[in-house]
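Model the full assembly from the supplied sequences, consistent with the hints where possible.
Protein chains: 2
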Amino acid sequence: MKIKRIVEKDLPISSPGANAVVDFAGLTTSVLAIESDLVRNGRPIVGYGFGSIGRWSVGGLLRERFLPRLTAAPAETLLDEQGLIDPFACWHIAMANEKPGGHGERAVALGTLDMALWDLRAKAEGLPLWQLLAERYRHGEADESVAVYAAGGYYRGDDTVKSLADEIRGYMDLGYTAAKIKIGAAPLATDIKRVEAAIDVLGSADALAVDANGRFDLDTALAYGRALSQYDLRWYEEPGDPLDFRLQAVLAETLSLPLATGENLFSSADARNLLRYAGMRPDRDVLQFDCGLSYGLPDYLKTLDLLTTHGWSARAVHPHGGHQMSLNLAAGLGLGGNESYPGVFQPLGGFADGIRVESGRVRLPDAPGVGLELKSELWRFLREML
Amino acid sequence: MKIKRIVEKDLPISSPGANAVVDFAGLTTSVLAIESDLVRNGRPIVGYGFGSIGRWSVGGLLRERFLPRLTAAPAETLLDEQGLIDPFACWHIAMANEKPGGHGERAVALGTLDMALWDLRAKAEGLPLWQLLAERYRHGEADESVAVYAAGGYYRGDDTVKSLADEIRGYMDLGYTAAKIKIGAAPLATDIKRVEAAIDVLGSADALAVDANGRFDLDTALAYGRALSQYDLRWYEEPGDPLDFRLQAVLAETLSLPLATGENLFSSADARNLLRYAGMRPDRDVLQFDCGLSYGLPDYLKTLDLLTTHGWSARAVHPHGGHQMSLNLAAGLGLGGNESYPGVFQPLGGFADGIRVESGRVRLPDAPGVGLELKSELWRFLREML
Chain E
12 MKIKRIVEKD LPISSPGANA VVDFAGLTTS VLAIESDLVR NGRPIVGYGF GSIGRWSVGG
72 LLRERFLPRL TAAPAETLLD EQGLIDPFAC WHIAMANEKP GGHGERAVAL GTLDMALWDL
132 RAKAEGLPLW QLLAERYRHG EADESVAVYA AGGYYRGDDT VKSLADEIRG YMDLGYTAAK
192 IKIGAAPLAT DIKRVEAAID VLGSADALAV DANGRFDLDT ALAYGRALSQ YDLRWYEEPG
252 DPLDFRLQAV LAETLSLPLA TGENLFSSAD ARNLLRYAGM RPDRDVLQFD CGLSYGLPDY
312 LKTLDLLTTH GWSARAVHPH GGHQMSLNLA AGLGLGGNES YPGVFQPLGG FADGIRVESG
372 RVRLPDAPGV GLELKSELWR FLREML
Chain D
12 MKIKRIVEKD LPISSPGANA VVDFAGLTTS VLAIESDLVR NGRPIVGYGF GSIGRWSVGG
72 LLRERFLPRL TAAPAETLLD EQGLIDPFAC WHIAMANEKP GGHGERAVAL GTLDMALWDL
132 RAKAEGLPLW QLLAERYRHG EADESVAVYA AGGYYRGDDT VKSLADEIRG YMDLGYTAAK
192 IKIGAAPLAT DIKRVEAAID VLGSADALAV DANGRFDLDT ALAYGRALSQ YDLRWYEEPG
252 DPLDFRLQAV LAETLSLPLA TGENLFSSAD ARNLLRYAGM RPDRDVLQFD CGLSYGLPDY
312 LKTLDLLTTH GWSARAVHPH GGHQMSLNLA AGLGLGGNES YPGVFQPLGG FADGIRVESG
372 RVRLPDAPGV GLELKSELWR FLREML
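Residue numbers (the numbering used here), protein chains in the order written: chain E, 12 to 397; chain D, 12 to 397.
No lab work stands behind these hints, which were simulated from the structure alone.
Some hints here could point you the wrong way.
Remember, identical chains collapse to one label, so a pair may be satisfied in a single copy or spanning two.
Derived DSBU-like pairs (lysine-lysine); straight-line CA-CA distance at most 35 Å [stated by the list, open to error]:
hint	residue 1	residue 2
1	Lys204	Lys13
2	Lys110	Lys173
3	Lys110	Lys204
4	Lys15	Lys313
5	Lys313	Lys110
6	Lys204	Lys173
7	Lys110	Lys13
8	Lys110	Lys20
9	Lys13	Lys313
10	Lys20	Lys173
As the structure is a prediction and not an experimental result, all values here were calculated from the model.
Shown next as structure tokens:
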């Protein structure tokens with residue numbers, strides 16, 4: 012097996028509106044297609060991958076820095092003993108001569124590449140990725156379905172409480188039983204009204220998570236935390252700067268409310284610091300590392316090992332990003348669940364076309380690879396790449 | 012004053028060989044030219060900036076993500092009350108809608124942009140940047156000269172001890188009195204021979220720093236640290252992963268040898284974690300944050316404030332990168348010194364053509380701006396940009 016060519020393009024993504032920090036208008040992501048010399052049903056096997064949400068324009072990094080190392084490497088160095096593309100070998104070759112530290116856009120470029128490599132590998136074996144991962148890392152035991160929650164509740168205009176309730180009702184009509192809404196871009200009193208409206212629709216505070224997107228200083232984070240503690244919410248996400256581990260530790264010491272963070276930590280080195288310094292509680296807190304933003308599976312597996320060492324279950328992990336790669340990881344590696352963006356960040360958000368949310372869970376398709384071909388709006392773009 | 016156009020290009024950089032982690036062959040950096048409508052001596056005033064060493068291919072980030080926000084902003088929002096380009100206002104506009112955390116290549120793109128903005132601003136005021144900074148932040152008190160050391164001692168072949176001694180003799184002939192060499196890519200016994208050869212040429216252990224480039228695990232870092240403790244070295248740099256604050260803290264607790272790190276921490280948020288968790292000692296240790304890798308001056312000033320809060324002097328800061336922007340910061344803000352790369356990383360490494368190293372110190376030119384026009388090899392490239 013060998014790589015015949017690699018094509019990189021920018022894919023525009025639909026904007027969901029704004030959260031407390033970011034307006035997503037004009038967002039894109041990088042998409043890769045890796046064509047191999049293996050042929051199945053008369054067509055070459057191709058691996059596809061994309062970068063996760065929020066750190067775009069990494070195409071230059073891929074084209075100028077990471078892909079040339081792969082294409083310059085002798086073909087046999089990219090294979091394992093089965094003669095198939097080895098995503099780990101490719102990862103290490105792509106990362107040769109990179110300096111340590113400073114984990115940002117580079118981690119997204121590698122996440123993009125890694126998804127395409129695993130898609131290619133799983134297709135070469137004729138397996139869905141979740142099954143391949145379960146066989147490699149969980150003695151074949153895959154989860155039949157994955158818990159998902161609808162991430163939405165962006166700020167979209169004046170009538171936020173009414174439109175928010177309508178939006179969450181829409182998610183429930185789709186089969187979701189849990190949702191997450193944004194907080195922090197309105198005054199606390201307004202946000203409390205939004206929270207109460209959302210709980211009212213969902214029927215239970217435990218079905219609602221809230222997300223401040225890293226906006227608050229310690230005083231505000233504590234004020235929100237105390238006000239939110241009157242409800243038994245599912246979690247209180249990214250109250251402060253994602254690297255302010257001390258703020259996080261003070262909140263964990265002060266509040267019994269579950270806390271969630273991790274989507275803006277892009278490496279196992281950063282995750283380790285979170286585990287060491289942020290006082291997070293393995294019995295209740297939630298970790299949201301996104302492989303598509305953080306170097307892909309090779310570094311994600313290191314993070315999962317760190318979790319074990321620090322007394323955490325992989326079930327505490329609910330990846331950010333709402334994409335099919337994380338869904339495969341959730342089912343194959345036994346994570347706690349997966350974020351889901353119904354209707355936003357299209358065509359990346361959401362899962363394969365035929366997949367329905369039932370009682371807040373989704374099943375995974377049996378098609379080989381990550382399953383991107385089964386999402387028709389995304390496939391229309393991907394199939395034009397080669 | 013307003014911005015008429017911004018041009019971005021890639022600039023190839025000469026390779027110095029290899030350190031313990033990285034072979035720099037094929038390195039480039041991004042260069043920006045910002046043309047204003049102000050005219051002096053019949054020519055438009057232009058600000059130039061480049062990214063610092065090691066995290067290249069950020070041109071796409073600039074062209075697709077950061078520069079469009081600047082060019083879309085109303086012209087008056089980029090100015091301060093004097094009607095001149097305000098680098099802080101421009102920085103905040105360029106960073107609008109960016110998510111917190113994950114400080115990597117984005118920080119280099121902003122460092123590039125920020126250098127060009129300060130070059131433009133200083134030229135608009137007709138001041139060298141070091142003087143402008145001293146007037147704004149140090150009541151006009153600038154350092155007349157800056158301590159520099161020759162960073163070299165890369166691994167370049169078999170005869171490393173002999174060629175290393177020759178290399179350091181060459182630095183002393185240029186006027187340097189201190190040097191830094193790489194360790195960690197050879198066995199400890201070989202590296203000790205390299206260290207002794209370098210001390211022998213320099214005449215004093217206190218004139219020699221050693222740099223492991225983040226390569227060691229804790230055991231190796233301790234073994235090297237104990238072996239190096241027999242000499243009174245200037246410092247022991249980046250023994251472990253730049254984000255492994257606990258390793259750094261164990262070394263600081265175990266060794267009396269001064270430690271140095273920081274070039275691979277690309278934000279004030281990361282610098283704060285270093286100050287909180289790495290046990291670094293304000294009475295002897297050295298911090299090497301590079302504005303050209305870490306968002307430029309707006310975030311660098313935050314880091315300097317954090318240092319004051321944590322009991323450090325700005326004299327503990329010896330920026331990485333050996334470029335003229337850091338040299339201006341060193342003289343204008345009263346840092347401890349600046350790295351220097353004689354003969355490598357050209358045309359970025361080194362300072363203005365007429366500047367000689369005398370007794371290990373350099374003076375700064377009086378030309379307005381950062382002074383890039385005074386380095387002829389760099390200026391040949393820059394003047395072709397517009």
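Results for each hint:
In this homomeric assembly, Lys204 and Lys13 never come within 35 Å of each other (Cα to Cα): the closest approach is 57 Å inside a single copy and 45 Å across copies. Within a single copy, Lys110 and Lys173 get their C-alpha atoms only as close as 50 Å, which misses the 35 Å cut-off; across copies the closest is 28 Å, which meets it. In this homomeric assembly, Lys110 and Lys204 come within 35 Å of each other (Cα to Cα) only across copies, at 26 Å, whereas the closest approach inside a single copy is 47 Å. Only within a single protomer do Lys15 and Lys313 lie at most 35 Å apart by alpha-carbon distance; the minimum there is 30 Å, versus 48 Å between protomers.
Taking CA atoms no more than 35 Å apart as the test, Lys313 paired with Lys110 passes in both settings, with 18 Å inside one copy and 24 Å between copies. Taking identical chains as interchangeable, the C-alpha atoms of Lys204 and Lys173 lie at most 35 Å apart only when both belong to the same chain, with a minimum of 10 Å there against 74 Å between chains. Proximity of Lys110 to Lys13 under the C-alpha cut-off of 35 Å is restricted to the intra-copy arrangement: shortest distance 28 Å within a copy versus 38 Å between copies. Taking the closest pair of Cα atoms, Lys110 and Lys20 come within 35 Å of each other both inside a single copy (26 Å) and across two copies (23 Å).
Taking the shortest Cα distances, Lys13 and Lys313 sit within 35 Å of each other inside one copy (27 Å), while across copies they are farther apart (49 Å). For the homomeric pair Lys20 and Lys173, neither the shortest alpha-carbon distance inside one copy (39 Å) nor that between copies (49 Å) is at most 35 Å.
When held up to the earlier numbered hints, the structure conflicts with 1 and 10 and fits the remainder.
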